[in-house]
Amino acid sequence: MPLIRLENLSRIYQMGAETIHALRDTSLSVERGEYVAMMGPSGSGKSTLMNVIGCLDTPTSGRYFLNGTDVSEMDDNQLAEVRNKEIGFVFQTFNLLSRASALRNVELPLIYAGIDATERRQIALEALASVGLADRVQHKPNELSGGQRQRVAVARALVNKPSILLADEPTGNLDTKTGDEIMALFEILAQRGNTILLVTHEEDIARHARRIIRLRDGCVAGDEQMPPGERRRPAPPTTAPGA
Amino acid sequence: MRFFSELREGLWIAWDAVRANKMRSILATLGIVIGVVTVTLMGTAIDGLKRAFVKSVSALGADVLYVTRRDWFLHTYQDWMKTRNRRRITLEDARLFTRLCNSARAVAPMADVGAPVKYKSRESSEVRVVGTTEEFQYTSGINVALGRFFSPGEAEGGRPVCVIGAAVATNLFTQGSPLGEQIRIGSGAYEVVGVLESQGSFLGMMSLDNQVFIPLQRLMQDFWNTPNLTIQVKVRDIENIEDAKEEVRGVMRRVRHVAPGDPDDFAINQQEQFLTMFNRVVGVIASIGLFITGLSLFVGGIGVMNIMFVSVAERTREIGIRKAIGAKRRAILLQFLIEAATICLLGGVIALGIAYPITLAMEQFFPAKLSLPVAGLALGVSLLTGVVAGFVPAWRAARMNPVDALRNE
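In the order they appear, the protein sequences are chains D and V.
Numbering-wise, the first sequence is residues 1 to 243 according to this note's numbering.
Numbering-wise, the second sequence is residues 1001 to 1409 according to this note's numbering.
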């Protein structure tokens, strides 16, 4: 059973008098443990697709099975529950709470999962340590570098052990070197068996993934497995976490 | 469990938000502070007024019935017309009544007149002269501070003796004990046998200490030979005051020869009548007063609502992040409700801090006290204001679409 299965998915927006077909009859499936990049120019529907897969948005028609469960008919609160348990988001702009420490940011999904304070703290500290930020837990986002912020975001995304890690242009606001570090972190996470969906418009970044899905005008225009030889090598692990 | 962690998170966020926007929170709180201060002061004032009244009326005694020709409170002109031709209550009525009424603890007929009281060169011009019997000391609950009340023999014989109130004593006697001295009441000479303890005033108008008590027989001789009496009846058991009232009524009907089926030609009054009358008046004043002061709280509530809309608007992105991470509608709703409630509760606490010294100052004039129930009510009302004012903004936040919220810059 695939982890993600989309069947004839459509998403239509009504913008005033104009009807926008962001996704047209898209079908797609992703297996557990895959590392997939979704590519496409802006307006190709990749953001909409990510929102639907991330359960932030619901399709206008078609079905979306996550772990065999139909989530396309769920209401707001059920979707919130799914997002909390099954999906970890990493955003281009980090989207950390600016007034909360790194630790609190990482604890947040656990709060909404109802985990008690002591255990929460423990799990969050471990998650921060696993992205190499054990010594930065009390720092506020504005006291951290861009790369560190994104790693806090990754720790937050992973803290509830989600089925999917959804990353939307995770290197978009980082310089090349820091971006490479984040991609190295993703490589490690993929090797540990996490399912990663990476949305990007940069061919370079997409080449880190094992499979690339190309979108155009709301349809899947290409779906290719990357032979190992053509993949970009991750940065050496020694400089990855904690750099 | 999850609810509690959401609650704690909500409290943390609320406190953080208040701290982050100190100036704004203070300004938003100001409306609530003013509202709660006025409501609290109004409540305290009404409370104090009531307390003053009850204290003053309690001089009448909760367990004492007052048999009079007319009701204390005639509510309509018809009532007055009906009762104006009633016969006076005479000494004979009172004597017969006393003999027949055996369930009472004490019975004392009384009548009063105003008269000047003199001692040597000192004079009190308008003193209430009460003629009664020795049982008055039991029905009225007065205490003799010095000397004694007059005796049954003195009362029966109409001896020229008197017991004087505390104010009369201090007015007439600058030095030395009044006991055994002769004072002039009206034109007669009386010997002072006792001085009463101070009792304060009745309804703030009539001093209970500016009175002298003489035997009723004497009063009839010297001042008024056909007085209209009031019979004070102290009941045995306050629990059964209604039964006692029925018995007094039956006895009085016999005394006055009221034919069966005819209406009473007398009235039985008690302290309660004052209280019902008063409560009716104060109830109206209180509801109008609280309504007007409540308006200022309402304005404060609107201020908080306004601030909450601003808070929700500027934290749209945060709401999006929280929703993406798995916050349900309830969690977001709770977060903003708690924030609004925190601002208002803070206002309530500050308001109590301001209101408390003011009530202390008010206490100089009448027994106003910031009571625990009023303080609790003030906090409760401010909390409620916060929840009500915060609800619409919080609801709007809770219903936000996460995709749109995240896109917000």
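Warning: the hint list may mix true and false statements.
Distance condition first, Cα-Cα at most 25 Å in a straight line; then the derived SDA-like pairs of lysine to any residue [said to hold, decoys possible]:
(1) Lys85(D) to Arg1002(V)
(2) Lys85(D) to Phe1003(V)
(3) Lys1022(V) to Pro141(D)
(4) Lys85(D) to Arg1407(V)
(5) Lys161(D) to Leu1146(V)
(6) Lys140(D) to Ala1020(V)
(7) Lys140(D) to Glu1409(V)
(8) Lys1022(V) to Ser130(D)
(9) Lys140(D) to Val1018(V)
(10) Lys140(D) to Arg1024(V)
(11) Lys1118(V) to Lys1082(V)
(12) Lys161(D) to Ala1020(V)
(13) Lys1022(V) to Val1392(V)
(14) Lys140(D) to Ser130(D)
(15) Lys140(D) to Leu1011(V)
(16) Lys161(D) to Leu28(D)
(17) Lys85(D) to Arg1317(V)
If you're looking for bench data, these hints aren't it; they were derived computationally from the structure.
What hint numbers does the structure not satisfy?
Hints 5, 8, 11 and 12 contradicted; others consistent.
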